[in-house]
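Let the sequences and hints guide you as you build the complete structure.
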Amino acid sequence: MKGPKHFVLDTNVLLHNPESINSFGDNYVVLPMTVIEELDNFKRTNDELGRSARQVIRQLDHLRSEGTLKNGVKLPNGGVLKISLEEKSIKGAFLDMSIPDNRILAVATNLAAQKEKVIFVSKDISARLKADALGIEVMDFEQQKCDFDSLYSGWREVAVAGQIIDAFYKEKILTMPGKDFIANEFIILRDQENPKHTGFARALGRDSVTHLDPAFESAWELRARSKEQRMALELLLDPKINLITLIGRAGTGKTLLAKAIAGEADVPFFSISGSDFVEMFVGVGASRV
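Position 131 of the sequence shown, counted from 1, bears residue number 131 in the working numbering, the numbering being contiguous throughout.
I should point out that these hints are in silico values taken from the structure, not numbers from a laboratory. Mixed in with the good hints there might be a few duds.
Unchecked claim - No more than 25 Å apart at the CA atoms, straight line, and that leaves these computed lysine-lysine pairs for DSS-like:
no., residue 1, residue 2
1, LYS227, LYS259
2, LYS43, LYS82
3, LYS70, LYS117
4, LYS82, LYS117
5, LYS196, LYS179
6, LYS117, LYS74
7, LYS74, LYS5
8, LYS74, LYS115
9, LYS70, LYS82
10, LYS82, LYS115
11, LYS227, LYS170
12, LYS254, LYS240
13, LYS172, LYS196
14, LYS43, LYS179
15, LYS254, LYS227
16, LYS240, LYS172
17, LYS70, LYS5
18, LYS123, LYS82
19, LYS117, LYS5
20, LYS196, LYS227
21, LYS240, LYS259
22, LYS179, LYS227
23, LYS70, LYS43
24, LYS5, LYS115
25, LYS115, LYS70
26, LYS5, LYS82
27, LYS123, LYS43
28, LYS227, LYS172
29, LYS123, LYS5
30, LYS227, LYS240
31, LYS196, LYS170
In structure tokens:
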């Protein structure tokens, strides 16, 4: 079948990677209305899924300014994004249409009935099995390349009025409505008029920040030499946080900080590779499967 493909995306694909709509070349990317509704439900949560949902919704709102999503809007990579309403039924299949997955699959089957080349994309194995049973080509979504700059950095800079920074230094907790922070994200407040006037904060939730704890400035006589190391120490020394992941170039102090924390807590330090970890906790040979 010649011509462009129609990739019908499940909600979990967008939550897995908010930039996934730009990953299908010069083809059609189809979002069923049910997917939009599910994103709307997720956007209210204060976690990574909520963050992803809000990012996708912002992208769609921007695209809406370029044209009508029902008819299709051109994507930067040459593809076309469409929102489809055709979710009423699946001909020849007696499926419960109150189930979101079935309504999403109805869009794929209706497109296929129009002789279009349709591929259903989902992270959900059960949904892919249903699609396959309906004669729809399926695929999982795996981002082929990791864009380092698109990863969650753990901190951001926010430009504010000078009096906001003054208030931050006076108060233990500062409320900043509408900022959509992530818990334990670090915030550098920078004066819009005087860039040297700054505040270094840690987010408590979506709209509030607090001061870094002076008790977490050093470990095992090791002090931070960069803002990123100071952020790492703040989290590594916080007993309320059970798991921390650090990413960075070689020589930025990741291993040194981890060793310092182990020394501070008087616990053993182990350095293991990814394959070692899998074999220790999953089973010998599993890392090579």
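Against the structure, the hints come out as follows:
Taking the CA atoms of LYS227 and LYS259, the gap is near 19 Å; set against the 25 Å cutoff, the hint holds. As the CA atoms of LYS43 and LYS82 are separated by approximately 21 Å, the hinted pair is consistent with the 25 Å bound. Distance restraint check for LYS70 and LYS117: the Cα-Cα separation of roughly 19 Å lies within the 25 Å cut-off, and the hinted pair is therefore satisfied. The straight-line distance between the Cα atoms of LYS82 and LYS117 is roughly 15 Å, inside the 25 Å bound, and the hint therefore holds.
Distance restraint check for LYS196 and LYS179: the Cα-Cα separation of roughly 22 Å lies within the 25 Å cut-off, and the hinted pair is therefore satisfied. Annotation: proposed proximity of LYS117 to LYS74 holds, straight-line Cα distance about 19 Å (limit 25 Å). At roughly 15 Å between alpha-carbon atoms, LYS74 and LYS5 fall within 25 Å of each other, so this suggested pair holds. With a C-alpha separation of about 22 Å, the suggested pairing of LYS74 with LYS115 holds against the 25 Å cut-off.
For the given pair, LYS70 sits about 6 Å from LYS82 by alpha-carbon distance, which is consistent with the 25 Å threshold. Under the criterion of a C-alpha separation no larger than 25 Å, the hint pairing LYS82 with LYS115 is consistent with the structure, at around 17 Å. Straight-line distance between C-alpha atoms of LYS227 and LYS170 comes to about 22 Å, which keeps the hinted pair within the 25 Å bound. Only pairs whose Cα atoms come within 25 Å are accepted, and LYS254 paired with LYS240 is accepted, the gap being roughly 20 Å.
Between LYS172 and LYS196 the alpha-carbon distance is near 22 Å, which keeps this suggested pair within the 25 Å criterion. Simply put, LYS43 and LYS179 have alpha-carbon atoms about 14 Å apart, close enough for the 25 Å limit, and the pair holds. With a C-alpha separation of about 13 Å, the suggested pairing of LYS254 with LYS227 holds against the 25 Å cut-off. For a cut-off of 25 Å, the pair hint linking LYS240 to LYS172 stands: about 19 Å separates their Cα positions.
Distance hint between LYS70 and LYS5 is fulfilled; the C-alpha atoms sit about 17 Å from each other, no more than 25 Å. Annotation: proposed proximity of LYS123 to LYS82 holds, straight-line Cα distance about 20 Å (limit 25 Å). Among the hinted pairs, LYS117 with LYS5 is consistent with the structure: their alpha-carbon atoms are about 5 Å apart, no more than 25 Å. Note on LYS196 and LYS227: the hinted pairing holds, with a Cα-Cα distance of about 15 Å set against a maximum of 25 Å.
For a cut-off of 25 Å, the pair hint linking LYS240 to LYS259 stands: about 19 Å separates their Cα positions. Distance restraint check for LYS179 and LYS227: the Cα-Cα separation of roughly 21 Å lies within the 25 Å cut-off, and the hinted pair is therefore satisfied. Our distance criterion of 25 Å between C-alpha atoms is met by LYS70 and LYS43, whose separation comes to about 22 Å. For the suggested pair LYS5 and LYS115, the alpha carbons sit about 11 Å apart, so the restraint of at most 25 Å is met.
Of the pairs offered as hints, the one joining LYS115 and LYS70 holds, with about 19 Å between alpha carbons and a cut-off of 25 Å not exceeded. For the suggested pair LYS5 and LYS82, the alpha carbons sit about 13 Å apart, so the restraint of at most 25 Å is met. Between LYS123 and LYS43 the CA atoms are separated by roughly 19 Å; this keeps the pair inside 25 Å, and the hint holds. Under the criterion of a C-alpha separation no larger than 25 Å, the hint pairing LYS227 with LYS172 is consistent with the structure, at around 21 Å.
With a C-alpha separation of about 19 Å, the suggested pairing of LYS123 with LYS5 holds against the 25 Å cut-off. A distance of roughly 21 Å separates the Cα atoms of LYS227 and LYS240; the hinted pair therefore holds under the 25 Å criterion. Between LYS196 and LYS170 the CA atoms are separated by roughly 18 Å; this keeps the pair inside 25 Å, and the hint holds.
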